[in-house]
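**Student:** If you want the building blocks of each chain, they are given just below.
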Amino acid sequence: MNIIYFTLIISLILAAVFLSVFLWATKSGQYEDLETPGHRILIDDYKQGKNKKLEGSDEGSDCSSDS
Amino acid sequence: MKNNAFRFDTPEDLIPASDHEGQYCLHCGNEIPHGKSISSKRDELFCCSGCNYVFNLINSLGLDDFYELRDEQKITPVGEICDQEFGYLDLDDFKKIYKTDENDHCMRFYINGISCAACLWLIEKTSEIVEQIDSVSLNMSSKVATVRFSDDSSYSKFPETLKRFGYSTVPVGKIGETDIFREKERKNSLYRIGVAGVCAGNVMLLSAAKYAGASGSFASYFDLISLLLSIPVITYCSYLFYKNSYYTAINKRPSVDIPVVFVVLAGWTLSVVNFFEGGDVYFDSITLFVFLLLVSRYMLNSISERINRLSTPASSLFSGNSVELQDEHTGDLTPYPVQELKKGDLIRIKYGERVPADGFLSSHSVHLNLSVLTGESIPQYSSEGDYIYAGSISESDELLLKVDKPVDESRIGCLISKIEDRNLFKCGFSGLSDRYSTIFTSSVALISVVSFFIFHIYFGTGESLRRIIAFVLISCPCAFVFTLPLSMAYSVKTASEKGLIIKDLDILEKVKGIKNIFFDKTGTLTKGNFNVLKWDRNIISDKDIDAIVAIEKKSAHPVARSVVNYFSDTERKLPEVSCFQYIPAKGIKARIGSDSYEIISGSVGDDEKIIPGSVLTKLSVYRNKEFLTSILLGDEIKGDVPEVLKDLRSYGVAINIISGDRKRNVISVASELGIPAENVYAEMSPEKKIEIIRSSENSMMVGDGINDAGAISEADVGVSIQGSLEESLRFSDVYLLRNDLTSITDLLSHSRITGNSVLTSIVFSLLYNISAGTLALLGYINPLLAAVLMPASSTTLFLLSLLMQRQLKWSYQNK
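Residue numbers (our numbering), protein chains in the order written: chain A, 1 to 67; chain B, 1001 to 1815.
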């Protein structure tokens, strides 16, 4: 049964490892925004840059028309 | 509700009776209201001109993936693209205020109306389509985008681009010290939870081995490790409990932290003593207790923080709008921050903008919408030299104002700051659980101290300490601190999904006792804008209508605008108008061809009162001095109001109207809705409204806008409807996202269900605490059993709150 002494210490080391991972994750801000990453997964497939540049602004014609 | 408990699973009930045509806007995905569709070409249908514009823009930029991403989800309709100017962000005065860091080209923006992955994609895409933007990173839970620019002179590019995509933005400003502090605190409490969790988990495993029969050297080895593991828990993790109880003890306000500190310290000391002398140790119960407490605190804090984040400082009502400052000598216009205005400045305000300061009118006559201050729905006429108040909305094309009092000193600024002072005492999640736990804590502490001295005489220190620890562990208001706020928080969250934003847990309890509901008239019971209510279409030819529309189109008066809107449903060929001319304070006249027309606005005779809604203005049309027809304009009652009032009466509450509008208008609305004359309060100034609400007990005030703000914050429960969420939550307790009053009945039923569940929980936990507490004091329950009973009772309460969640769901599904 002396093996218990050994396994107990191993388990405590394991616990310490998990704790430090958790502390690191907190420190690096992974719990700050729980919403965006979930959405970001969806948009990863849409990265290809086929879009054009936006040029100038053409306000006035389309703004504040109250008809 | 009871009878309907099983109805929710029949699908027929879920489909609205009136089957719409089912046309959906191509851009936002919302159903298009009947007959309101806008189509530019082929079969492209939109709900509004804004959606149409954004759709075309997105496609022309090759960003049509947006719609693939949006999929079936709906986003907020664009409406009209707003005319916000952001050029001021590139001026040095403003950069100082808004840049996150002086040496960095970085700014943060709060973005309204983001809801899904597609919005995220589109907003972050701006870094690719606009040259000056280096990177955009959007946080969807706080709705704040951090934007990095390539140079120091094009900060306006980001909000301008988003404006064209249909999002409205507000620059957030520097990262303040409070933000940094709050973020640090949040991280710290997560660290504490992590440490406490790891320690408690391991200690529990070790003690499980002991319960299973480990003895001798194993047992003392396990106890030693438990002791070591418990040290970080009672020092680092419990630090805040010590600090809080120290401060609350100094301020003589017993808080729930004091018995927590007692049980943690006494239990730990006793266990350490027992460890050396041989006896029971309670490291498992102590560490688990601390861990559970930390978790519940964290959850409560994050909910209350999310709600508090919505409130913003006073002058924010006007920030974001910059004004144009006119140089007295050269007449040059420069954008200028509203907050920095001084007495004597000359500013120019455009159509539809809010006047940002009290002052004197320097331009010729204008029309002003004063509804924010008075509730009066007809725009008022002011001439040069008149004193005008901040908060009024300009209904004329250009307005020059000589500033007398800047925002914070203005009449409306004073009103707001008065309200905010009051709310300092009203905010936060402290309410309910704190009140009970104070009473609870004091009595638990008193009983423990008294019985400790009594037991001390008979059983000695060890045994009496053992009993007291068991007693405090059992009666520790875990139920109040943990489960109760949690189920309240759940209730608040469900409510917000249904369009009811509730600021404080306390509110639900207060709603239950409501006896009187006061409704504001304009914008709450009525639609709040001008509409043509009635006109005699038989005696007037199409040619005359064309003439009226053509003439009214020339006028900037809001009455004229609503007449034009009303008749613009069919294509009209408008004739040429000549000799257009205002008749001061009466109306307009003009010539069309050989006919001369006059449109005179006048007051309404008694015979016209039969029309539903409040008739405000009567236009009489004359052709060549001969009476043609009259058009009645007014403010219509919202469609669902009569039904809502009927439901509310069935809850046994009295309905009142309180309004700043003219008596005749208010009474006509009241009689239409069957509200007796003694419950009608008309021509009330904001100050007077406050007095009436104050004198009425158990009152709820439902209103919109700042003119009701005082009354809303004075009421036991203040509800605001419309307006911006951030503004409204500062003075009201509940904010209705949906602009219909059925939410008020939802609020009442919601509070009843929650209240009943909370009452059951309280009764249960009192019964449990009294009976188990007595047993513990009599020595039948040792600390070990107490530590098992405590989570067991919490679990029961948790189940009760689950039951409540079910009930809430049913009540909404039955609709």
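To be clear, the hints were calculated from the coordinates, so they are not data collected in a lab.
Bear in mind the structure is a predicted one, so any value in this text is a computation, not a measurement.
One or more hints might be untrue.
[Unchecked claim] Dumping the calculated DSS-like pairs for lysine-lysine here, alpha-carbon to alpha-carbon at most 30 Å:
| # | chain 1 | residue 1 | chain 2 | residue 2 |
| --- | --- | --- | --- | --- |
| 1 | B | LYS1095 | A | LYS53 |
| 2 | B | LYS1553 | B | LYS1589 |
| 3 | B | LYS1625 | A | LYS53 |
[Stated by the list, open to error] To give an idea of the chain B side of the interface with chain A (calculated C-beta under 7 Å), a few residues:
| # | residue |
| --- | --- |
| 4 | ILE1111 |
| 5 | ILE1114 |
| 6 | TRP1121 |
| 7 | ILE1129 |
| 8 | ASN1139 |
| 9 | LEU1190 |
| 10 | GLY1194 |
| 11 | ASN1202 |
| 12 | MET1204 |
| 13 | LYS1498 |
| 14 | GLY1499 |
| 15 | TYR1597 |
| 16 | SER1601 |
Using N, Cα and C, we set each Cβ at its ideal position, and we do this for glycine too.
**Student:** Each hint needs a verdict: does it hold in this structure or not?
**Tutor:** Status of the hints after comparison with the structure:
no.	hint	verdict
1	B:LYS1095 with A:LYS53	26 Å, holds
2	B:LYS1553 with B:LYS1589	12 Å, holds
3	B:LYS1625 with A:LYS53	60 Å, violated
4	ILE1111	12 Å, violated
5	ILE1114	10 Å, violated
6	TRP1121	4 Å, holds
7	ILE1129	4 Å, holds
8	ASN1139	5 Å, holds
9	LEU1190	5 Å, holds
10	GLY1194	4 Å, holds
11	ASN1202	6 Å, holds
12	MET1204	12 Å, violated
13	LYS1498	20 Å, violated
14	GLY1499	20 Å, violated
15	TYR1597	22 Å, violated
16	SER1601	20 Å, violated
When the structure is compared with the earlier hints, violations turn up for hints 3, 4, 5, 12, 13, 14, 15 and 16 and for no others.
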